[in-house]
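Protein chains in written order, with numbering that gives the first Met the number 0: chain S, 0 to 601; chain D, 0 to 411.
Any given hint could be a false lead.
What the hints assert, rightly or not - In silico BS3-like links for lysine-lysine, alpha-carbon gap of 25 Å or less: (1) Lys343/D <-> Lys12/S; (2) Lys12/S <-> Lys408/D; (3) Lys337/D <-> Lys12/S.
Don't read these hints as lab results, they were simulated from the structure.
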Amino acid sequence: MNKLGYYSFDRNKILNVLLWIVSLVFLIRLFQMQIINHKMYDEKSAENSIKAIEQIPFRGVFYDRNLNLLVDNVPAYTLRITPAGYDTNLNKILDAVLGFEEGSVSNILRKNRIYSKYVPIRIKRGVDFKVISWYEENSNFLPGVDYIVEMQRAYPFGVMGSHLFGYSKEISAKQYKLEKDYYRPGDYVGHNGIEKSYETELRGKKGFKYVLVDSKRKEIGRYKDGQMDKESIKGKDLVLSIDGFAQKTAEEELKGKRGAVVAIEPSTGEILTLVSSPDYDLNQFSYVTTKEFLNKIYNDPANPLFNRATMSLKPPGSTFKILCAIVALDMGLIDKNTTIHCGGGFTFGRFFKCHGSHGAVDVLRAIEKSCNTFFYQLIYKIGLNNLKKYAMEFGFSKKTGIDIGEEAAGLITDESYYERIYGKNWPRSILASLGIGQGEISVTPLQLAFFTALVANNGKSFTPHVVKGYLDNNTNTIIKYNFDEVKTSVKKEVFDIVKKGMFLVVNGNGTATHIRSKDYNIAGKTGTAQNPHGKDHALFIGFAPYENPKIAIAVVIENVGFGGTHAAPIAKKVIDSYLTKGKFVYSGKDVFSYNLGERIEN
Amino acid sequence: MKELRIDYNLKDKLDLYVFIPVVSLILLGLISIYSATYANTLAQSNFEKQLYFVLAAILIFLIVHFLPTNTFKFISIPSYIFSILLLILVLIIGKKVSGSKSWIGFGIFSFQPSEFAKIATILMLSNFLSRNNTQINSFRDILFALAIGFTPVFLILLEPDMGSSLVYMFLILVLLFKKGISLFWLIVVISPAMTAISAIFGLTTFIVTLIFLLGVLFYLNKDLFLNSSVLALNLAAGFFADYVFNLLSPHQQARILSFLDPFSDPLGTGYNSIQSMVAVGSGGLFGKGFMNGNQTQLQYIPEQWTDFIFCSISEEFGFIGSTLVIILFLVLLIRILKNSSQTKDEFLSLTQVGIFSVLFIHFFINVGMVIGLVPIIGVPLPFVSYGGSSLITNVIMISIVTNIYRTRKNYA
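In isolation and in its complexed conformation, chain S is listed as follows (with noise of 0.2 Å):
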């Protein structure tokens, strides 16, 4: 205790000691955080005042084979609100603005209340420009409320393509788990169609803007004078493979029918026209969409959102025959000559009736006239496993693997089927109807298009695809993408006599002479499945031109009677308007050159 003393200057000498240890711990601590734990410091401080502002590239467009745009972006402001900012006694206001029913804002905001308050959500898309000018008057009245020009999709040729293009919509919590290293919440992604399989392609690649932030994360300036910022890259602008023309033809026609209509062409897998009806607008799905026309599309019975061309499931009816014809002339169970006799039926147990009594046939003459009795005994010197096979080689009972949206795999029997169901003694008479495309049996009519490629291309073709490639805008060139070949193993002959005989159906006596056209020579099947709900489906499928075929078509049509009525007339139209209407330009090569200059221009 004496030791502390009890003179003045010792007890200077411990303020001295003790200024110095305060000093001394001061300047390690500083060396230590300034000097030894500076880069964490400094990642801290970074992170804090340089705030990422992403730049959303521009989507992708879509042309048409012809480079005509189909798809097109444009302009369109979004009301968003950030709701660290924002007053709730203000959703009142904005209901009344932006015409929503009461109370619509605050659901949107509560919906996204898991997202970070300093987020802002999107309130509405396509907001009309009176509202944006009475936000600009009142925005000091109106805290955590902005807006923002967004691109959305136009669609100026006119041409609809629902099912085809499909739509791009907001991310889904569960989408965004799975990719949360590209996207943030709020991000629209393609949704189906072409949107949604080409969606990598279609989106390109985000860029940042970084800028210095206050505390209050108010934009003060640019990092670094924007030395760091990435330029965004606009998705690619994709070439379909679609025909303009005939994907626009085959819309009218199919309006106010249920059906489908695919064309593809044969030499080379694209796909003309894909078209399922009804249909739907798709700027209501791109804008914001509507209560009601959520409401009215959900509860349409004619389901307008089922994709008919590559899901709805039919038999083929009589254009099945082609095929059972292919087999048999290829397993040389037949030959051109080989006549059966038509006395207008056929009894396996029970009888099984034709649509007349033709004599005599060969193949040529069972395929003109559409001769059940010829089929109905082909199929039982096929077998239903043969069938099968070839079936399988041509496409049906399994995808196609189109490069959109789902498609169904539909259904081709074989014995084990029946085995399965009936025991080793399954009734033999199911048979028959195989044998014309009815019982069961069924198929889609992409599978049908792509079927009837494979024919009038003598068996070769490529997998099915609606994109050709895009379009580089630096060499103005198209850059394929590549897809499958598709070979069967059938003998060119075969295909000679069964387009032969095809162009009888049309040119000759057969079922659908009334499609006959003096510009080129189509060739076809008509088809009519038998539906036990209500009238039959009409179906055709054909190819034209005859000699050198550039389109090959199947068009369903649902609950309308006889496909010769019904479905020749449309099929001939798209074939017409895709050889005839559309200016052919294509040059065929893979790679060609283009003047995206005199795109504007036109």
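Position chain D relative to chain S; hints supplied.
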């Protein structure tokens, strides 16, 4: 001849070890205030205002520096009484700024009485302690000294201004210590504060502290009655502290608690602490450069031109800059202590130690809180932080030191 020559030497008339660090700190302060307020439209005028404060401070320095040295003892009692009156007045007519009623305004001009009262309290306490008949280890005189010191503390706590109260308490303690208080009495004086703090941390810490304290007291002094009284005093202090803590405004409570773990609530109460540490740490060796500190320029730290000015210096001038500040304070404070040791007049010696203690505790709390060693307690960094009352008070204290140095031969 030799004597005369020294008389004409500037070094002999003006204590450059005090003067140069102070001028450097004021200049550094001006630079940093300019930078810290540059981006803030509301505070941009503060640099200009600080320039006027500096001009006023120069004037006051010239006056106080050349006053007869015995003036200080002479004015100690009236200035103390005047200060107490002002501290009462501020509670009645004061302006509330960020939760504390600590400003008195006269038209456009306003000041903090608690700043000027520091000088009066130093003078008054030094005056009392340097009386010939003061018995520093007597209960009566200690109580008297504490009464002088704690009257302003009590009034300032009512404002409430926690930071300034702490400054006064440290001042009282250092002066008692300097005067030669025994270890026993020192502990008696400190103990209520210790128990008060421990009470905030909960009952267990409170009891442990009490037992420990009792042990130390009995080791130093066997007087049972005295020790029991001290224990009673401590018990009272503990309960009083707990009571006062609950009376504290939530932001002050939060500040004290958030010091325990600033990262527990990074956007709330720990925010200032984290942001100031990030500012300091990100400065690195050479700093980000004048006007280039993003933490400073982007207003991450509220009112950084006042209590957090050290952040700006550390961020923009790095380890070099912050070390310079520490060294300037070290030189200044060592010099004041040394001067005090060499002053034979006890009043003047005590006054200088008092000045040392006020500057030192500001320095300790301010820099300590910026670098995360001390809880966030609002006290300015002397000479550097923006603020007229603080600058002028500190300059008056410095001019008292240089005044004593100027006339040191009269007291040698």
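Verification of the supplied hints:
Restraint check for Lys343/D and Lys12/S: satisfied, since their Cα atoms lie roughly 16 Å apart, inside the 25 Å limit. Between Lys12/S and Lys408/D the CA atoms are separated by roughly 23 Å; this keeps the pair inside 25 Å, and the hint holds. Under the criterion of a C-alpha separation no larger than 25 Å, the hint pairing Lys337/D with Lys12/S is consistent with the structure, at around 9 Å.
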